[in-house]
Amino acid sequence: MTNLEKYNKTFTETLGISEDELQGLEYQGISQWDSVGHMGLVSAIEDEFDIMMDTDDIIDFSSYEKGKEILKKYDVEL
Amino acid sequence: MDILKDKVALITGCNRGIGKEILYRFAQEGAVVYSVARVEGSLDKSAKELSEKFGSKIIPLYFDVRETDKAKDALINIKKQSGRLDILVNNAGVMKDALIGMIDKPLMKDIFDVNVFAVINMIQLAYKLMSRQKSGSIINLSSIVGIEGNAGQMVYSASKGAVAALTKTSAKELAPLNIRVNAIAPGMIDTDMFRSIGEEKVEEHLSNIKIGRLGTPTDIANAAVFLGSDLSSYITGQILGVDGEALV
Ligand SMILES: NC(=O)c1ccc[n+]([C@@H]2O[C@H](COP(=O)([O-])OP(=O)(O)OC[C@H]3O[C@@H](n4cnc5c(N)ncnc54)[C@H](OP(=O)(O)O)[C@@H]3O)[C@@H](O)[C@H]2O)c1
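Respectively, the protein sequence lines represent chains A and B.
Just so you know, my numbering puts 54 at position 54 of the first sequence, and the rest follows in order with no gaps.
Just so you know, my numbering puts 186 at position 186 of the second sequence, and the rest follows in order with no gaps.
One chain only, chain A, in its complex shape (with noise of 0.2 angstroms):
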């Protein structure tokens, strides 16, 4: 799996949406990713990529295309 399809797993499997979903997604911008499913994403992709994420970027970690820019700080390359 590349890491990209890894990266939109933990977000479909985690908020329960579909990949035609994830374009444009962004914080707060469908019920399920909401502040509690924030940290559930952000704990998916932890596990996923075996990072820890600093507080400052889950704050700024605002949209689907923010956290691939954020993943690119940990060497993560999407």
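You may find that some hints are simply not true.
List time: in silico DSS-like cross-link candidates among lysine-lysine, alpha-carbon distance up to 25 angstroms [said to hold, decoys possible]:
hint	chain 1	residue 1	chain 2	residue 2
1	A	Lys-73	B	Lys-80
2	A	Lys-66	B	Lys-134
3	B	Lys-80	B	Lys-57
4	A	Lys-9	B	Lys-80
5	B	Lys-128	A	Lys-9
6	A	Lys-73	B	Lys-70
7	B	Lys-134	B	Lys-168
8	A	Lys-6	B	Lys-128
9	B	Lys-79	B	Lys-134
10	B	Lys-48	B	Lys-79
11	A	Lys-6	B	Lys-79
12	B	Lys-70	A	Lys-72
13	B	Lys-168	B	Lys-109
14	B	Lys-57	B	Lys-5
Derived from the structure by calculation, the hints contain no laboratory data.
Given the coordinates of chain A, assemble chain B with the ligand onto it according to the supplied hints.
Just chain B with the ligand now, with coordinates in the frame of chain A:
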């Protein structure tokens, strides 16, 4: 005595006072302990001795609790080495007295950085491991003065009051994940911190302790063992006074 057998614990401020004794009791009860101190190498000898004496694993870690990056590295290390964290004891703390009218910003910052902000940071880090395993016990060191107040200690008592408040809030938030959060509120415990108030004041305080003696670090460590163990598995959000019925 093995009530913490194989539990993985992280304790801050282990080189002296209450933290040193919590480390001792946790080792005695069979825990795997990541023990934190500031001065590089300062725990190496005692960690080795305790490991040999009790057959438990003691791993020293060195960082200042205000250094968020180092604290994070420590948690990553624990995740890699042990894969879990069962108990966090936020023991490291500083006490500085100043009368109203003589409290400056650096004093406020010094105390709140260690006693409050570092504690919040450690809880957020521990949460990362504990939320995945859906279990954990967090023990914070508050103080009798954080509940009752004490003349000359506006900033210190406020910081320990904050610890009581953040304990109750995080207990509420983390209970659904089976993570318990409690605080110990020691009275007057015979350590460097308490002795720093001066002999005369120590005597004066002694007469205000109904049980008739100062507390020992072991009195506090025993409470920490209880709160860390499964004996307290239904106890969360509590501020446990361990003070021999002291009056402040
Ligand atoms: N003793 C009492 O009567 C009493 C009463 C109520 C509450 N408490 C609380 O109980 C806890 C332990 O107190 P104690 O009496 O054992 O105090 P202590 O003898 O003064 O020891 C304090 C410990 O905290 C560590 N520490 C301080 N600042 C730190 C930092 N920035 N980073 C890492 N470690 C740091 C110290 O390390 P260094 O050696 O490197 O300084 C030391 O190990 C504290 O939170 C205190 O507020 C104590």
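Verification of the supplied hints:
no. : hint                  : in the structure
1   : A:Lys-73 / B:Lys-80   : holds, 20 angstroms
2   : A:Lys-66 / B:Lys-134  : violated, 29 angstroms
3   : B:Lys-80 / B:Lys-57   : holds, 15 angstroms
4   : A:Lys-9 / B:Lys-80    : holds, 24 angstroms
5   : B:Lys-128 / A:Lys-9   : holds, 20 angstroms
6   : A:Lys-73 / B:Lys-70   : holds, 18 angstroms
7   : B:Lys-134 / B:Lys-168 : holds, 19 angstroms
8   : A:Lys-6 / B:Lys-128   : holds, 20 angstroms
9   : B:Lys-79 / B:Lys-134  : holds, 15 angstroms
10  : B:Lys-48 / B:Lys-79   : holds, 22 angstroms
11  : A:Lys-6 / B:Lys-79    : holds, 21 angstroms
12  : B:Lys-70 / A:Lys-72   : holds, 21 angstroms
13  : B:Lys-168 / B:Lys-109 : holds, 23 angstroms
14  : B:Lys-57 / B:Lys-5    : holds, 11 angstroms
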